[in-house]
Each structure stands twice: as C-alpha cells, then as structure tokens.
Amino acid sequence: MVRRFLKAAAPLAMLVCAAMAPNPGGSTVAATYTAAYATYTHRIPSFARKYNLPCSACHTAWPELNAFGQAFRDNGYQMMNDRDSPIWQNPSYIPVTFRVTPNWHREGATKQPVDPTPGVPSCVSATGVGCVPRTLMQSGFDLSGMDLWTAGTIYKNISFVLLPSADANASFHFEAAFVRFDNLADNRWVNLKVGKFELDNLISEKRFLFLSGNGGVYQSYHFLPAGDANDFGLGDNQIGAELSGHSQNSYTRYGVALLSTSSGNPGLVSSNAYDTYLTFSHAIDAGKLGVERLGVYAYLGRRPTYFQTTDSGAAIPGTGTGNKPFYRVGLSGDFFFGDFELLPLVMHASDDKYLANATPSNGTLPAGAQAATWNAGFLEAHYYVSPQLVFTGRFETVRMAQQAISGTQKNLGDVDAFSGGVRWYPIMFSRAGLSWHTEISAVRMQGSVFAGSDRVWATSVFSGLDFDF
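All residue numbers for the sequence shown refer to the working numbering, where the first residue is 681 and numbers rise by one.
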C-alpha cells in the first residue's frame, strides 16, 4: 500500500497541477484526495492551502520531500503554471506556518567532571584536575523553540524564504532569509539564490525525522576534534550566493555556492575570505522500487587563525587574518526499496594544522603538530508502515585518521551514535498537522578528561507532540 502511495505521489500531483491551471472560462478544478502530511523546518502547509493540494503531494513523511516535492522546491516553490504569481492568491491567504513541539525528555551523560563536594569548588572541568566523575541525569516536561516560517513567490520566478526562529525563551534569530531568481533566461539550469540558506545537502539536517538532544543532529556534519578552532558545521545554514540548476523532473541537479566565512553569523564577524560548496546528484526511476538518487559534495573553506586587536588585546570583529584551509568531501544517497528507504552518507574531512591546534598562523605550533583528518558516515533507514506511520533508525560513526599532534592516542575522540524512533501522524491536512514523535538516542565518545581509555555515553529519551499550523 505504501509503495503504491510513494510511487503515485509525484505523477498524481502533476495531474492535479494541470487540472488547477485556469481554463478558458476562468474557473479551476480543485483536488479532491485527502491530505496526509505537512512539513517542518523548511516545511509550510500554506503551499498546500495555496494550490489546494494535500501535503502528501510533496512529502513521503513530514518533513521529508518526495521526488515531486524536490522538483517543486527546485522550481522556486512553483508549479510552473499561472497560479504561481501572488496575483492569483486570495487576499486572505498568508503564506506562513508556526511550529512548536511540547515534549517530555530525559538526558543523561556518564563520566562528567564535578566537584567532589557540591558547593565546594575544586573542579577544573577542562582538565579534570580536582574533579570526580559522575553520571548526570535530568528529565521532565519541556518546550522546544518555535519556527515562524514564510515562503513563496514575490512574482513569477522570484521566490523567497524568511524564517525567524526562537529558542524556548523566545530569543529570536534569522535561521534563513533569501531571495531566489528562478529560471533565468527561461532556463531551469540557471537559478540564483542570495541570502542565508541551507546548503544543498542531499540528506538535509533541516528535514530529517529526529528531534532528541542526541539524535537531533548528524554527528558527521558537526564533528570537530578536541582543541580544534574551526567553527564550521555542514548542517548549519550559511550566508552567500548559490547558482543551481536541475532537469525538468529534478532527477539531475547541481549547485555551486560562494559563502562568507562567518558560519552563518551576520555582521561580517570573521574575515574577507570566502568558502565554496559544490554539489551534484543524479536519480533514476527504478520502477516499483522507487526513485534512487546518488550525489557527491565538496566543501572547501578557510577560517582565520587570529584577529587584529585593540584596547588591551580585544579582537576587532571582521579583521580575521592568517586564514587556513579545511575541507569536507563525500558521497550521499537516497534509495527506496518499496516501503523501505535507506539514506547513506560517507565523508572525509581535514582541518589545517593551525586550525586543528588552535594556533595563530603567526605563532609557534606545538611539537608534532599536523593536520587533523577523519572519516565519518551514517546509514539512516525509514520504514513506511502506512502514510501516517513511519519507523526510523540511524547508525553513525566518526573515526580519526590523523590526530592534530603526532603520538596522540589514535582513537581519541572517535564517535558512535545510535538512534531509533517512530512518528505517527493522526492529523495532517492543508491547514495544520500533528505528529506524535518518540525517539531513543545514544552517543558514545572515546576519551574523557580523566582518561583517553574512557568511553563517555550521552543518552536521550524523547516523546513530543510536533505540530504546525
């Protein structure tokens, strides 16, 4: 049943889109089949309201996109008909979605450095001196942050996204804000995006099906060796410009981005250097199995190692210099086997020896300093029991290939991560959506402040009501 649903979603949506185009008499034909899903960070049920489509036309499971949803986003949130322009929108239509997740969760961590006697300070947590190891636990009812997401078209072939996002205490920042010029020179292979946006990752950290404290990030995207001064994460939104293009069905896609070296922070706080991100992917239709996609990516970046200073050594923002390189390269995929989906990723990463040892390039490196390199990857699985029920699982690993200082314990900092969960969608239609999300996650890291042979565990148990409207 689910296999037929996944296979039919894109062509069915295409038929509805064709039916929605204005006929000579000026009326439209509305879609009549029932909605199944909404969206998430980069999710917006207002698109379903705008086009009178079920959310399942674009999503396999909220918030993950199916093949048609990918094409819809690549086209600049357009169906490529007359309804794309805002002049066709009802005056009461506002393209905005709110999302928040009330939840219960438990967090735990082993071998944490604490004072031997609470309230009597003696522990230096960075080194473990004067500390004793303890297992720390906390649990209770909580609230996630809130996303206020709006997106759509300013005019035909001019798209936008604006995403103010707040933590649980309502402290806001801009998670995303960009304008995209679509189909330049009437060519789908030439689209230009400018602003703050998610990198064109085949496996998106903004759309994945995990929410817990330890499962809600890809370790592979954000891992840095101990003592590394780099602040880059492949899953973080960046500020810059992106040139991208795609085939008519978005089976073949490319992206080239030129980015500031600020890791997505506004205000030119870093330096005058630039990063580059390159992506390419291709998909095939494997018949009853589904759409199978394979992609390659390469992030080539630089980060400053010191800043100009004033007032007794205070760094002057934006004056970073002594830039040193780093890179992240790898392969990723999205493969369907009927109701079963696999998302593999492999990565090779390297940070220059000055970054890896947090040493200014005009300073002296410690003895034995060298570039830090590591390999990472994960395998994520989704099983779609029905359009309203999906089971998820993920195994992830990070292995150091070369430490920043020769002679350091080779496996220091290695990571293994495990996550499993279930999402049930009792309510999901074009006005609002609700998902009951339950998840268990654990991360094991090699080494603690007490001993490199220690294995430190961090665990999360999470259950929440993920809703948007």
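It should be emphasised that the hints constitute simulated quantities derived from the structure, not laboratory data.
Any given hint could be a false lead.
Here are the computed lysine-lysine pairs in the DSSO-like style, where the Cα-Cα straight-line distance is at most 30 Å [claimed, not checked]:
#1 1090 - 836
#2 1090 - 1033
#3 836 - 886
#4 1090 - 968
Across the chosen pairs, the derived CB separations fall in these ranges [to be verified]:
#5 1131 - 936: 27 to 33 Å
#6 964 - 1063: 46 to 52 Å
#7 821 - 964: 42 to 48 Å
#8 786 - 1071: 16 to 22 Å
#9 822 - 1017: 48 to 54 Å
#10 776 - 809: 37 to 43 Å
#11 1017 - 1049: 28 to 34 Å
#12 1091 - 928: 27 to 33 Å
#13 1049 - 812: 46 to 52 Å
We put the beta carbon where it would ideally sit given N, CA and C, even for glycine.
Pairwise beta carbon distance, residue 1049 to residue 812, judged against the given window 46 to 52 Å: violated (32 Å)
Kindly confirm whether 48 to 54 Å is satisfied by the beta carbon distance between residue 822 and residue 1017. Violated - the Cβ-Cβ distance for residue 822 and residue 1017, about 36 Å, lies outside 48 to 54 Å.
Cβ separation of residue 1017 and residue 1049, checked against the hinted range 28 to 34 Å: violated (46 Å)
Given the hinted pair residue 1090 and residue 1033, is their alpha-carbon gap at most 30 Å? Holds, because 16 Å separates the two Cα atoms, which is no more than 30 Å.
Cβ distance range 27 to 33 Å for residue 1131 and residue 936, holds or violated: violated (46 Å)
Is residue 836 close enough to residue 886, meaning Cα to Cα at most 30 Å? At roughly 26 Å apart (the allowed maximum being 30 Å), residue 886 and residue 836 satisfy the hint.
Could you tell me whether the CB distance from residue 821 to residue 964 stays inside 42 to 48 Å? holds (46 Å)
Take a look at whether the Cβ-Cβ distance between residue 786 and residue 1071 falls inside 16 to 22 Å. holds (21 Å)
Evaluate the given range 27 to 33 Å for the C-beta pair formed by residue 1091 and residue 928. Given a distance of about 48 Å, which is not inside 27 to 33 Å, the answer is violated.
Restraint check for residue 1090 with residue 836, where alpha carbons must lie at most 30 Å apart: Not satisfied, since the Cα-Cα distance of roughly 55 Å exceeds 30 Å.
Check whether the Cα positions of residue 1090 and residue 968 lie no farther apart than 30 Å. Violated, at roughly 45 Å.
Is the hinted range of 37 to 43 Å satisfied by the C-beta distance from residue 776 to residue 809? violated (52 Å)
Violation of the numbered hints given earlier is confined to hints 1, 4, 5, 6, 9, 10, 11, 12, 13; the remaining hints are satisfied by the structure.
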